[in-house]
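**Q** Residues per chain are reported as follows:
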Amino acid sequence: DVKVTQSSRYLVKRTGEKVFLECVQDMDHENMFWYRQDPGLGLRLIYFSYDVKMKEKGDIPEGYSVSREKKERFSLILESASTNQTSMYLCASRQHWGQPQHFGDGTRLSIL
Amino acid sequence: KQEVTQIPAALSVPEGENLVLNCSFTDSAIYNLQWFRQDPGKGLTSLLLIQSSQREQTSGRLNASLDKSSGRSTLYIAASQPGDSATYLCAVQHPPDGSARQLTFGSGTQLTVLP
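These protein sequence lines are chains V and A, in that order. Last residue of the first sequence: 112 (the working numbering), numbering continuous. Last residue of the second sequence: 115 (the working numbering), numbering continuous.
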């Protein structure tokens, strides 16, 4: 089975902090994704990566950056956290385009 | 722009019933459609993926159908159990033409199966 692991289930940070969310997959998948999920807005794509060191903006990249130095790890960075970034963050991976996406358990992030 | 709709937003049924969840999409030029399950406070679990050339896919008590021309998919759950209670989401994948390369998700149907 595919395993996508997010480093934290719950995280509380303060406004202005730099926040790192980590995601690791164990199936040598090429593509990785970061989403946020908010009530009434559904899942929205923040960034995705087709391969190591490659990244592309999704629908809502403002205020975020990403890093993919190794194939198995995809990091989401909140450069200067703000309260409107309080949300559930979901990481996903897939072998390549057209294949099923597999998700981690999510990180519920609260910015105070 | 592709829009994916799931109606109803919530559904409550007694245990043992067979039920159908609906997913509709506005642009029929899809590559595949994926059904997910999400338990409260958790991530998404992939249930079934139907390619655009397929009519249906089955896994255990689940059967997903796809009618691309009418922009519809259904997820049929047979003999529902309380453990099936969750939110079910569908998502469509477009062909790799660069215009909409990633998944577009519906907002989900929250299913409650009563004991």
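Don't read these hints as lab results, they were simulated from the structure. Check each hint, because a few of them may be wrong.
Derived lysine to any residue pairs resembling SDA-like cross-links, with alpha carbons at most 25 Å apart [unchecked claim]:
| no. | chain 1 | residue 1 | chain 2 | residue 2 |
| --- | --- | --- | --- | --- |
| 1 | V | 57 | A | 10 |
| 2 | V | 57 | A | 46 |
| 3 | A | 1 | V | 24 |
| 4 | A | 1 | V | 31 |
| 5 | V | 3 | V | 40 |
Simulated DEER-style distance windows between Cβ atoms [claimed, not checked]:
| no. | chain 1 | residue 1 | chain 2 | residue 2 | range |
| --- | --- | --- | --- | --- | --- |
| 6 | A | 7 | V | 27 | 31 to 39 Å |
| 7 | V | 13 | A | 3 | 44 to 52 Å |
| 8 | A | 3 | V | 97 | 48 to 56 Å |
| 9 | V | 96 | A | 54 | 27 to 35 Å |
Backbone N, C-alpha and C define an ideal beta-carbon position, used for all residues, glycine too.
**Q** Confirm or reject each hint.
**A** The hints, checked one at a time:
no.	hint	result
1	V:57 <-> A:10	violated, 32 Å
2	V:57 <-> A:46	holds, 24 Å
3	A:1 <-> V:24	violated, 32 Å
4	A:1 <-> V:31	holds, 23 Å
5	V:3 <-> V:40	violated, 28 Å
6	A:7 <-> V:27: 31 to 39 Å	holds, 34 Å
7	V:13 <-> A:3: 44 to 52 Å	violated, 34 Å
8	A:3 <-> V:97: 48 to 56 Å	violated, 22 Å
9	V:96 <-> A:54: 27 to 35 Å	violated, 19 Å
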